[in-house]
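Engineer: Since chain A is already given, all that's left is putting chain B on it; use the hints.
Protein sequence lines correspond, in order, to chains A and B. UniProt numbering numbers the first residue of the first sequence as 1 and each following residue consecutively. UniProt numbering numbers the first residue of the second sequence as 1 and each following residue consecutively.
The hints are simulated quantities; they were obtained by calculation from the structure and are not laboratory data. Careful, some of the hints might be misleading.
Since the list gives no way to pick one copy over another, a pair counts as held whenever it fits inside one copy or between any two copies.
[As the list claims (entries may be wrong)] Subject to a maximum C-alpha distance of 27 angstroms in a straight line, what follows is the list of computed DSSO-like cross-link-like pairs (lysine-lysine):
{"hint": "1", "residue 1": "K204", "residue 2": "K56"}
{"hint": "2", "residue 1": "K179", "residue 2": "K94"}
{"hint": "3", "residue 1": "K418", "residue 2": "K204"}
{"hint": "4", "residue 1": "K81", "residue 2": "K180"}
Number of protein chains: 2
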Amino acid sequence: MKGNVLVGQSGGPTAVINSSLAGVFKTAMDRGFNKVYGMRYGIQGFLDEQYVDMSKYVKNELDLELLKRTPSAFLGTCRYKLPAIHEDKEVYEKIFHLLDKMDIEVLIYIGGNDSMDTIQKLSDYAILTGAKQRFIGCPKTIDNDLALTDHTPGYGSAAKYIGTSTKEVIRDCLGFSYKKKNVTVIEVMGRNAGWLTGATALSKAEDCDGPDLIYLPEIPFDIEKFTKKVETLLKKKDIVVAAVSEGIKNKEGKYICEFSAGSSTKDAFGHIQMTGTAAYLANYIHEKLGCKTRSVEFSTLQRSASHLASRIDINEAFMVGGAAIKAADEGLSGMMVVIDRLSDDPYQSTTGVYDVHRIANGEKVVPREWINKDGDYVTDEFVSYLKPLIQGDYTPMMVDGLPRHLTMNTKGYKDLYKVFNE
Amino acid sequence: MKGNVLVGQSGGPTAVINSSLAGVFKTAMDRGFNKVYGMRYGIQGFLDEQYVDMSKYVKNELDLELLKRTPSAFLGTCRYKLPAIHEDKEVYEKIFHLLDKMDIEVLIYIGGNDSMDTIQKLSDYAILTGAKQRFIGCPKTIDNDLALTDHTPGYGSAAKYIGTSTKEVIRDCLGFSYKKKNVTVIEVMGRNAGWLTGATALSKAEDCDGPDLIYLPEIPFDIEKFTKKVETLLKKKDIVVAAVSEGIKNKEGKYICEFSAGSSTKDAFGHIQMTGTAAYLANYIHEKLGCKTRSVEFSTLQRSASHLASRIDINEAFMVGGAAIKAADEGLSGMMVVIDRLSDDPYQSTTGVYDVHRIANGEKVVPREWINKDGDYVTDEFVSYLKPLIQGDYTPMMVDGLPRHLTMNTKGYKDLYKVFNE
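Pulled out of the complex, with its shape left as it was, chain A reads as follows (with noise of 0.2 angstroms):
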């Protein structure tokens, strides 16, 4: 008989998370595991006891599907970073203690970088102390900053989002053209990698030119000669749309953002919480070149934008949930599933799985030969690769006008089966 598995998710929510947490559910009752736990609140809320049966949520088919289509961490998420093991033994201590207590074989943590470091300290304690619990790690970020994995759940997704909202931005800007020339400075996430950001490309096609610039976090940017840039711009056309990611710095390595009001918070891991560069930039162009400027942040709307979710990142997140437990099921642990790309054209790709210590703490930034020469633009190799990862709807359940989410509500749903009838 099999022991229970237990799985949290950890991070920045995606619109795809919990269709990774559906596979891990799906697979592990398809394998024959006894129950599947969920750490409420991640590895956190764990530490204090906080969790639920999945069972009592997933009761059916439509549930699960539910699941699928809902973003942001059903179960919760957390920022939470583990101490080293030899700086306080006593978290490991009662968290394996947990383990034991209820059983689990299985422990699955859906998450990015950070969420990774997680699962290296829990399994590096196991085998330091013979613990019998497996770990597997489940790839998760919209920043698609894992090493080794071709690209994480959560990308293609967020990647439509803002290539669909860039195209709506730029109708709206020419809309209002004449005789009155407007600068847009688009903000898209994304600190250190600029994978979102080139994903506003997305957009250029026989029906929208696309932004005329794109600026990563990889390459340094020069205020300077993005206002000369939108000047000779301007002196060509009469609207200019430019998209920068939210960690653009100085060649002196100071954020953009930083020059702005107001951004001085920073989360447990030390990250500054950034805001403002577009309407920083905005505001700068509006006093140099004395035109109509807007700043349009996409903000949290872009990872949690489930009702504009790609099929391929939907099907994608479940497939490594269910890897994850089909990983650790024939006995692997200390490991993280990655997505390979078996071919572009028909798009396939398949599962592998890496030890976490290679991926943990990393981060997979934009390669500088997807970056154009001047640094504002990626190239048409960046966009082939994005392209596949966006492909397909996977239809929202609308109910009374708006996208139907699975929730924690047991009260059961009414409205809902009005229309689908189980």
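Structural biologist: Structure of chain B alone, referenced to chain A:
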């Protein structure tokens, strides 16, 4: 033999303004008008003799369907106020000279309050001078602030986007709520009318609590009372979400956004360009209460998100375009088409017409009785009124992973035809 039709778009864009354009074009063709010309950039572009023959771009049913799904003004728009007739007769002489030259029999102007001012002046001038052209206004505005019509095309789709995005933002906040209270302030468009901000209440359903507080511009905003409310709520729950209109003012009549940095530009109608209300309030709460805060601006995304348009809205926008042509064809002039609601369940509507003098330059705000006593939420009546308008989807035509739009690019659409074979 009938003459030609001239159609223009004016004011802020919507997700469905081009569906009205499609309705004008299709109905004019069906009713035997000769040609449909489109003003480029409204009356401002037309004064420079900027216009196009619509048949060049809408050649078949596929183009027509694409046009209905294209956000922002296909023809381009303007914020241009015609002078009073006694102030500058030359402008009118020029316009009517062009109308004669182009054999225009009917002029349709798709827009909001300011655009109805244009229809009113042109039809007044025609009556004064005995000109034969007829002028009909076609309602359009996400703001829903036009008098005498049950609602305006564009409002339903913006509301659907706002409701969906609010729900996704709330889910995002919930994920991070463990041992870390957070307050999110969402900023929604709407200068003097709170119709759009009230739409955040749509997110309240079996699977979502909706925002905690909703502040419309109809009620003076008291920042101390707001802070107190947030403080009280934080004692009971971990996340607080407040939705505010960009146009909220304190009881002295000063816009909250004016307390924020950089918001002093005015447009041709003397309206202040607003932004920064939510950021200001988020900072204020952070300073006063010390909790983590975030601001989210839906910005121009909310008025151009055709990827989430409401089917009711797209269909009604098309219908009012057709009704404008029908009214003109039947000899009317100086009128605006309105939407009359026939029943709520099932929702049914039809069109009517009103003298544009009764509509132009007025603003319909949210009735006091549809706002709660404390002035910080909308009532059930408000939601019941709005709900029918967001129903149904009008699936975007997806090409290569993104929604496709119609453009004036006449090189043809290779990628599109690969997907949608004619």
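Engineer: Kindly indicate which numbered hints from before are broken by the structure, ordering the numbers from low to high.
Structural biologist: Every hint satisfied by this model.
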